[in-house]
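Q: Each chain, letter by letter, is given below.
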Amino acid sequence: MQPAPDSALVDRMRTGDEAALSTLYDRYSAMLFGMLTRILRDQQAAEEVLQDLFLQLWRNAAQFDSARGSLPAWLMVIGRNRAISRLRGRRDREVLEEEAGDYANTFASSQNIEDEAQRAQLARNISVALQQLPVEQRQALELAYFEGMTQSEIASQTGIPLGTVKTRVRTAMQSLRQILG
Amino acid sequence: MTTPHANPEDLDLYALGALDGEEKQALDAHLRDCPQCQQQLAAARQRTALIGLAAPPMAPRPQVKSALMDKVRAEKRAPITQATPSKTGKKRWGLRFSFGFGLATAVLAFATYEFAKQDLDRGKQLRQLQAQLSQDAAALQAMGQITGAPDSAQITLLQQPNGPPGQGHVLYNARMGLGVYSGQIAPAPSGKSYQLWLVPSSGAPVDAGVVDANQENGAVVVRLTPGLAPKAFAVTLEPLGGRPQPTGPKVLVGAAS
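For the record, the sequence lines run as chains A and B.
When we follow this note's numbering, the leftmost residue of the first sequence carries the number 1, and every step to the right adds one.
When we follow this note's numbering, the leftmost residue of the second sequence carries the number 1, and every step to the right adds one.
Treat the hints with care, since some could be wrong.
Stated by the list, open to error - Computed list of lysine to aspartate or glutamate pairs in EDC-like fashion (alpha-carbon distance at most 20 Å, straight line): (1) B:71 / A:18; (2) B:65 / A:26; (3) B:71 / A:17.
Unchecked claim - Chain B regions said to be covered by chain A (calculated; three or more residues, Cβ under 8 Å): (4) 59-72; (5) 145-157; (6) 242-256.
Said to hold, decoys possible - If you anchor each label on the Cβ, the simulated ranges turn out as follows: (7) A:14 / B:141: 27 to 37 Å; (8) A:18 / B:5: 41 to 51 Å; (9) B:150 / A:3: 49 to 59 Å.
Hint data in this document are derived by calculation from the structure and do not stem from the laboratory.
The beta-carbon is built from N, C-alpha and C at its ideal position, and this holds for glycine as well.
Can you build the whole structure from these sequences, using the hints too?
A: Take a look at the structure:
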């Protein structure tokens, strides 16, 4: 039997079906928990963010339009944002400039990561691509993604000239773009 | 004169959060008025988020799911997010004292009074209140912890000039990093969320979670890093699901002292 698609499960959540949330949790919690633990390096904190993330999904199911985007991508984006926010709170970092706007209300779906096998294959491809990057590019990209650092912060932390950091992050993203879609 | 569209590579870096300084400001300015690049940014956000798949999947402990499902069932019994439109279509915004905060205040007053008597089984009383008020179990538990602590603080969050009508309340204990929020704000526009922030004396605002417009029929629990003293709490209007840092206008603000 084919597993229920995310869109059908989101529809069921809108009607208050707990089992739909349970299924989505089983489908995506390991993917998310791996990322959250990598960012936070604290299992308990990662668990709390994970739980809040799915609670938010449950509460906001009515607002999520499956036709406009990929649920796992939405979970990855929001989960990463929340983990980095928590990481920053812990570090008590400097006030960031308020962004003038943000426009990521929808997430175009270019990768089908609903399917577990395809998701696993994509994960392997990304891991291989990261490993194939020159070590300095990979480190710069990982500081940006998993530590939430800007290019200036990476330069400050590593002592590498800002221009060099920019080149490394940009080149790393160019290499990954082919795989990420 | 229109500015050229954003370079896809710049959008990737923007989505990654790596851009800063003048580069980011320039892109912010362009994105404000360019729906096409906004759509490209949405795609870039998904693309960059997938880098996280490089982290090996890890199964969380079974207790995490159990606790999640318990919370969901508790909310189904006593919804904390469900709006209850007025039959007359009129809402008394402004200085309206929310039911949720009324509950918190009642618990605080009750606990304080009983604490003074020093003959109270506080847990028993809280359980009675829980049953009586059919409140969300997690919120009530948090309230019990906070109201039992002498170093807890109450903060009233007031609407801002030109902002939507509303009011909120936070009962917070910095030592525990634990609080409850209740309040009511005019419904958020489609595709937007209200997000609560702890504003520390120094450093970046700390995400305290997305809150519903109508949170007056039940408080939402806020768990933050213990020891982080608030200068203020604020609610901002953010893109759906919230953001790591405030990006939208302040809707409610309340100083902690």
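Q: Please flag the earlier hints that this structure goes against, numbers listed from lowest up.
A: 5
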